[in-house]
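Make a model of the complete structure from these sequences and hints.
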Amino acid sequence: MTKFELLAPAGNLEKLKVAIAYGADACYFGAKAFSLRAKAGNLDQKEMEEAIDYCRKRGVKAYVTANIFSRNRDLDGLKDFLSFLEDVRPDGVIISDPGVIALSKRYAPSIPVHLSTQSNTLNYEAVRFWKEHGVKRVNLARELDLSEIRLIREKVPDIELEVFVHGALCISYSGRCMLSLYLTGREANQGNCAHPCRYSYSVVEEKRPGVYYPVEEDERGLYIFNSKDLCLIKRLPELMDLGVDSFKIEGRIKGILYVATVVRAYRLAIDKFLGRLKRKISIDSLLYELNAISSRGFTENFFEKTPDEKDMLYEGKDCPQPFIPVAICKSAGERPLFKATYCIKVGDELEFMDNNLLDKPFRVLSLYDEERGEMIEKTLGGEVFSMETRPQVNFFPYGIVRKKNPANCGK
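So for the sequence shown, our numbering puts the first residue at 18; every next one is plus one.
Incorrect hints may have been included.
[Stated by the list, open to error] With a straight-line Cα cutoff of 27 Å, these simulated DSSO-like cross-link-like pairs (lysine-lysine) come out: (1) K153 x K96; (2) K295 x K78; (3) K122 x K153; (4) K297 x K251; (5) K271 x K289.
[Stated by the list, open to error] What follows is a list of derived Cβ distance ranges for each label pair: (6) E171 x P254: 16 to 22 Å; (7) D97 x V363: 48 to 54 Å; (8) V228 x E394: 33 to 39 Å; (9) R203 x S100: 27 to 33 Å; (10) P339 x V401: 24 to 30 Å.
It should be emphasised that the hints constitute simulated quantities derived from the structure, not laboratory data. Cβ atoms here follow ideal geometry from the backbone N, Cα and C, with glycine treated the same way.
Here it is in structure tokens:
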């Protein structure tokens with residue numbers, strides 16, 4: 018395993034390739050079933066084989082999620098799925114259910130087991146327990162602070178530890194929430210959360226049924242469970258000093274711009290702290306980049322102390338999106354090809370996200386639709402196209418082209 022592994026989310030094959038292009042050491046992805054991100058897109062078995070092969074050829078680890086809380090009805094399908102994993106050999110399978118761990122030992126004995134954060138691992142005795150039951154790596158609960166992680170490492174030195182360093186937080190202990198099932202019938206612990214913690218709530222006084230009073234601190238209302246996003250980029254040196262093996266980014270349902278931006282920032286931060294960078298890059302500049310994607314603001318959660326309301330709650334409803342991803346480079350060389358993800362017009366001022374933070378601004382001089390074989394004035398989204406630019410840019414495969422979002426200019 019790469020020391021201080023950067024572990025990136027891959028909701029589908031395209032996101033996996035974007036994550037690798039921007040520096041991921043490992044990617045985690047789910048199947049169409051048995052994954053706690055049912056809305057991520059996920060991979061069918063053929064795509065999973067392609068993903069594992071793609072990672073293997075590039076020296077990147079591939080981890081598969083099977084972290085639902087399983088019902089009896091799931092078990093037969095899980096046996097078949099684990100047997101499939103034994104054949105295609107990912108580098109690990111991420112599990113939360115003890116029954117599924119037992120099944121994995123029977124049906125996929127050669128695949129290392131990684132314990133999901135859903136198992137709420139909060140203390141060193143729990144880590145020791147899982148190690149004794151054949152778990153190679155434990156993803157620690159997000160509720161732990163630095164001193165608790167340190168004690169776990171001291172007490173159980175011979176197990177891999179994984180820590181979430183960036184992404185959305187849940188109001189419940191490491192995701193064990195029943196609100197979605199209760200309010201919408203969509204069960205979070207089966208991978209289908211409706212995120213009711215982000216809803217706006219009102220109060221009803223018992224003597225006035227049907228009269229709804231907004232619970233608000235200002236004109237935007239109060240989103241009482243609406244947590245800020247986790248960001249531990251400044252704390253990576255402390256986690257390194259503790260011997261944490263893997264730094265995990267949340268976000269299998271997030272878009273390609275999120276994946277590229279966050280993976281790039283943490284790749285550069287890790288390399289900076291290890292003295293690998295050839296030029297100076299400040300953490301403030303990386304934080305600036307992280308603020309250039311949609312988020313709820315950032316918190317360090319429980320890392321140093323129990324957070325208060327100011328530390329944790331995002332009081333707004335909307336998440337500003339300063340940039341729009343407009344294209345993905347599908348192949349480089351003398352005539353790079355792109356897939357449009359948004360409207361691009363001749364004359365647009367765009368920017369290519371370089372993986373060293375040396376972003377390349379350029380102007381679109383012409384657009385050529387490769388499938389129709391003709392010049393076009395704009396893309397609509399989904400086209401495979403080439404373009405003439407000024408200046409010329411050294412594109413690389415699965416790099417992202419973005420443009421400023423007019424709706425968020427000045428924000």
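Tested hints:
no.: 1; hint: K153 x K96; result: holds, 20 Å
no.: 2; hint: K295 x K78; result: holds, 26 Å
no.: 3; hint: K122 x K153; result: holds, 12 Å
no.: 4; hint: K297 x K251; result: holds, 16 Å
no.: 5; hint: K271 x K289; result: holds, 26 Å
no.: 6; hint: E171 x P254: 16 to 22 Å; result: holds, 18 Å
no.: 7; hint: D97 x V363: 48 to 54 Å; result: holds, 51 Å
no.: 8; hint: V228 x E394: 33 to 39 Å; result: violated, 54 Å
no.: 9; hint: R203 x S100: 27 to 33 Å; result: holds, 29 Å
no.: 10; hint: P339 x V401: 24 to 30 Å; result: holds, 27 Å
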